[in-house]
Structure formats: structure tokens, C-alpha cells
Amino acid sequence: DAGVIQSPRHEVTEMGQEVTLRCKPISGHDYLFWYRQTMMRGLELLIYFNNNVPIDDSGMPEDRFSAKMPNASFSTLKIQPSEPRDSAVYFCAGGANTGELFFGEGSRLTVL
Amino acid sequence: QQPVQSPQAVILREGEDAVINCSSSKALYSVHWYRQKHGEAPVFLMILLKGGEQKGHDKISASFNEKKQQSSLYLTASQLSYSGTYFCGTDAAGNKLTFGGGTRVLVKP
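These protein sequences, in sequence, are chains A and B.
Count along the first sequence from 1, then add 53; that gives the number in this note's numbering.
Count along the second sequence from 1, then add 200; that gives the number in this note's numbering.
If you're looking for bench data, these hints aren't it; they were derived computationally from the structure.
Since we're looking at a predicted model, the values are computed, not measured.
Cβ atoms here follow ideal geometry from the backbone N, Cα and C, with glycine treated the same way.
Distance windows between CB atoms, simulated: (1) A:153 / B:226: 14 to 24 Å; (2) A:125 / B:207: 37 to 47 Å; (3) A:114 / B:293: 18 to 28 Å.
Modelling step: build the complete structure from the supplied sequences, incorporating the hints.
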């Protein structure tokens with residue numbers, strides 16, 4: 054199995070642009086999490102899904118952020134419009150019920 | 201709410217021991233421990249379920265005090281490969297894993 058696949062690995066964009074981050078979880082994992090990591094705030098949980106259904110999005114910072122999981126093998130995190138304070142590493146992680154989380158390698162976002 | 205980890209950083213000589221603590225204000229179903237190397241993704245070490253069990257992974261072990269909502273990670277006879285940032289993740293609401301601020305560990309020769 055290839056593991057959790059995230060794209061793009063690096064994104065540099067200008068303030069106001071739309072950013073879409075993508076995640077392909079490991080087959081069979083019915084939980085999918087989106088985390089954001091910064092030096093100041095550490096690993097923050099943004100949203101998580103169970104069987105493609107959003108369960109808790111209380112960590113999504115603002116309406117500029119949205120996430121979807123149209124099927125079991127694909128999820129997106131969209132930021133529109135992006136701001137410099139959104140610069141961070143965004144991780145997607147998947148797992149089975151109460152078990153180990155498998156993280157993707159992350160998408161490093163820089164908003165100028 | 202984010203669990204609290206202490207210390208924030210620790211420097212060890214190879215072969216020394218260290219303890220990292222994690223505490224939560226909420227009743228927990230489980231505690232997870234992860235290690236992250238610089239520039240890489242967090243990697244799972246172990247999970248402790250309600251029941252106060254202790255687990256081990258090589259010379260890294262952990263305990264979970266359910267009554268105090270605290271967990272401790274024990275690095276025994278540390279190796280250079282133990283360097284990294286250790287995160288505890290707590291699950292208080294059924295599969296919603298929230299991470300602490302991390303503990304940076306540096307093991308020197």
C-alpha cells in the first residue's frame with residue numbers, strides 16, 4: 054500500500070488566491086482527519102470524517118476554510134481566499150476505529 | 201481542549217532516561233503517542249486505552265492513569281534515533297484525536 058498520499062507537497066500562492074489541498078487515504082480506513090501544524094499553535098485538528106461524513110468541523114478557523122470527502126478514497130481542503138496567516142503544513146491522516154493514525158507527508162502552504 | 205505536555209524540551213546524553221508527561225482536563229477514552237522527526241510526518245508509537253495499562257515499544261514505554269487523566273512516556277536508555285518531537289494525542293469524545301503542544305527531545309552522543 055502506498056500510504057496516505059497528499060498533494061501538492063508544496064504550494065506558494067499569493068494572498069487572495071484559492072488553495073485546494075488533496076488527500077488520498079489508505080483503502081479501508083474509515084476515519085479521515087485534517088490537521089494544521091505551525092510553530093505557534095502546534096498540531097491543530099481542523100475537521101474529521103467518518104465514512105465520508107463530516108463529524109466535527111469545530112476546528113475549522115473560518116468560513117474561508119471548507120473540506121469535502123466525496124468518496125472513501127478522496128478528500129479536499131479548500132481555502133478561499135487565502136491569507137498569509139494560513140501558511141502552515143497541512144496533514145491528512147487516516148485510521149480505523151480508535152486505532153493508529155497514518156499521516157500523509159503533508160502539504161506545506163506559503164501564502165505571500 | 202488541547203492536552204498539556206511537559207517538559208517542552210529535553211536534552212539527553214545517549215543512554216540516559218527521560219519522562220514526558222501529558223495531562224488532560226477531560227475524561228479520556230484513550231491516549232496516543234506519536235514521534236515526529238524534523239520535516240517528516242508524525243509516526244505512531246503506541247495507544248493506551250482506558251484501564252490504566254502500560255505499553256512498550258522497544259525501550260519506549262508509556263502509562264495511562266485514567267483517574268488523573270494523565271499519561272507518561274518513558275524513554276529508557278535513549279538512543280540517537282529517539283531525537284524528535286513527541287506528541288500525545290487524547291481522545292475524549294470518541295475518535296476525535298487532539299494533540300498536545302509537543303516535547304522536543306534531543307539525544308546527544
